[in-house]
Each structure stands twice: as C-alpha cells, then as structure tokens.
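Chains as they are written, first to last, in the working numbering: chain U, 1 to 175; chain X, 1001 to 1180.
Possibly wrong hints are sitting among the right ones.
To be verified - Below, a sample of chain X positions facing chain U; criterion: calculated Cβ distance under 7 Å:
1) 1021
2) 1060
3) 1136
Note that these hints are calculated values from the structure, not bench results.
Quick reminder that beta carbons are idealized off the backbone N, C-alpha and C, glycines included.
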Amino acid sequence: MIRFITLYLLLLKATLTSFSGLAGLPVLRDDLVIHHHMLTDRELNQAVAIGRITPGPKGSYVMSVGYYAGGVAGGFAAWLALVTPAILIIPMLSFAGRYTKDPRVKRTLRAVVLASAGISLSATLPLGADALHSPLSWALAAISLGLLVFTKLDTTLVVLGSSLISLAAFAAGLG
Amino acid sequence: MPSIRRLCAIFFRVSNFTFGGGNPTTAALQRELVEKEKWLSEQDFALCYALARVTPGTNLFAFCTAAACRMLDWRAALIVLTVASAPACFITWAVTAGFDQVSANVWVAAGIAGALASSAGVLVASFWLLVRPALTPGNRLRATVIVGISIVLSMLANLSPIPVLLISGVAGWFWKEREA
Chain U
1 MIRFITLYLL LLKATLTSFS GLAGLPVLRD DLVIHHHMLT DRELNQAVAI
51 GRITPGPKGS YVMSVGYYAG GVAGGFAAWL ALVTPAILII PMLSFAGRYT
101 KDPRVKRTLR AVVLASAGIS LSATLPLGAD ALHSPLSWAL AAISLGLLVF
151 TKLDTTLVVL GSSLISLAAF AAGLG
Chain X
1001 MPSIRRLCAI FFRVSNFTFG GGNPTTAALQ RELVEKEKWL SEQDFALCYA
1051 LARVTPGTNL FAFCTAAACR MLDWRAALIV LTVASAPACF ITWAVTAGFD
1101 QVSANVWVAA GIAGALASSA GVLVASFWLL VRPALTPGNR LRATVIVGIS
1151 IVLSMLANLS PIPVLLISGV AGWFWKEREA
C-alpha cells in the first residue's frame, strides 16, 4: 500500500508539473529512475514508445511507467495520477465562466485557441517526419486531411480506414 | 441538452480510439460536439479548450471534463472523465504488458503505420478546423499574426506552450476584433 501511494504521489508530481505531452518526462526520470530506482532508463524509453503507438493522449505513456514500476497496481496508480489534475478544471471553469460575456475575455480565449492551433501545427512536424516515410503513408495522410476538412466523416473511421489500407498494402507486398 | 448516455458514447469512441495524441482528438470532439450535434457553442468550446491548455496534466482529459461540465454538470464531468480515460489507459497498460510480442508483430506494425500516417493528416486538419472560425472578414490579419507568432515562438524559439499561450492571450486582450 505504501508503495502504491508513493508511486501515485510521484506520478502525480510529474503530471501536475507538466502542461503538455512528454513535459513531465524529466521529473519522472529524476524521481523513479535516479532516486527511487523503481524504473530503468530502458523501461522509460519503452514507455514513451508505447505512448506513441497507442490511442489517446501522448501523456498516456505514464500508464506504461506505472505498470513497469508497480505492475497492475502501478497501472491503476498511474491512471489516478493522470485524471486527478483534470478535476482542477471544474472550479476554474466555474470561475472563468462568469466572465465569458466580456468582449475582452472572448477575444483573449479566441487568441489562445489560435495559438494552441499554431503550437499543435509545430508539433506535427516531428510526427510527420516519423510517420511519413513512403508514398503510401503520404497518400494516407493527404486523403485523411481531405476527408476531415471537406466531409463530416468520423475521425475514428478515417484513422481505422487508413490502418486497414496499410494492412492491405502490406498483405499485397506493397508496404 | 445531451443525455449522459449519448455524451459518454461520443467521448468513449473519440477519446479512446483516435491516434496522434490530444490535439487531433480535441479537433474530433469539436467536430462532434460543436459542428454536428451543436451541444457546445463555439464560445464555450474556446473557453474549455483555453482552460484545458493551462490546466496541469493531460490537456485532453481536462478538456473532456470541462466540456461535459459545461454541457451538463460536475457529476457528468466526472463520469465523462472516467469514460474518456480508462479504456485508452487500459489499452496502453495491455500493450505494455505484451510490448515485446506486439512490437515484433509485422502485422501490428503495418496497422499502426497506417494509423500514424493518417494521424499526420488529422493533425493538419485539426489545425485548420481550429483556425477556420477565426478567419472572418476583417479579422484574417489578426488570426494569421497570432498563429504565425505562436508557430515561430514554439518552433524557432523553442518556447514551451504556456508562455506562448500567455503572450497570445495578452495580444488577444488588447487587439480588438472587428464585428463580422
């Protein structure tokens, strides 16, 4: 139980000090690899790799970290550490929601959304370099882009379809 | 108003089965909640999205919580948070448990390669879907400058997201928009 609570608090520290993707990685390495020896560098690298190939947010690599550090209970501690900070938004929303009629607040929020879009686009480049390595992958990316911008097709179906085409190409010896 | 069941169905499907991280998932949720179902106004989406970006932890989970809270109440928010996070976390846990077998399987690798290639397209589409509503007549320059500066600051100056968001927030506060 003490190990579970310790692991939860260490993972929570990492998630609370991170505001995007892998930003909590240095904190996790410092706590779990260097100080508490609950994890190895190899396991941490594998956790990051797993976070890239699984659905959901990139931050879900913390689940792998929890599993490597504490088995099934560690995985549960990691899930708790991932969702706990999200609860903070409820009081924040209640406070900020009172001011949304103010034109200055409205345009500030719109500016933050625009900046977030820009930040997201910047993050696309490393992902693109990693994922787009053949004519087929470029075609799948372009078709997905077109379908999402010009149709109302569900994103999950687009990604699933792309995955099936990739499998079919592999089966036909084209991938 | 959506029922909690319909809300959970959407968050379950989109949050747990979209590849590429939080941004394409948020864009997919915007398509569902704002454009298709119209349960969340453009303004409420902007509020939830902006707050989620400055909430510590996983932005996507904060966004799901805020959106559900705005559409229904805090109880719905906690249910949606669980529905939106637990299955994807379980998948990650299961993949971790069998990582050596999974990573060596060429069929799995081929399927994931297709999903990741599609996610690159999804990311660009999510950028466009977020920016498009701001490109109204008279406001295109404002939107372009804010997006451009945020790209420059995050890519070339390697600034972390929070200062970039703060700078853009300050710019947004002072730089007035023209009525459409």
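Here is how each hint holds up against the structure:
1. 1021: Residue 1021/X check passes; min Cβ-Cβ to chain U is 4 Å, inside 7 Å.
2. 1060: 4 Å, holds
3. 1136: 10 Å, violated
Violated hints amount to a single one, hint 3; each of the other numbered hints is respected by the structure.
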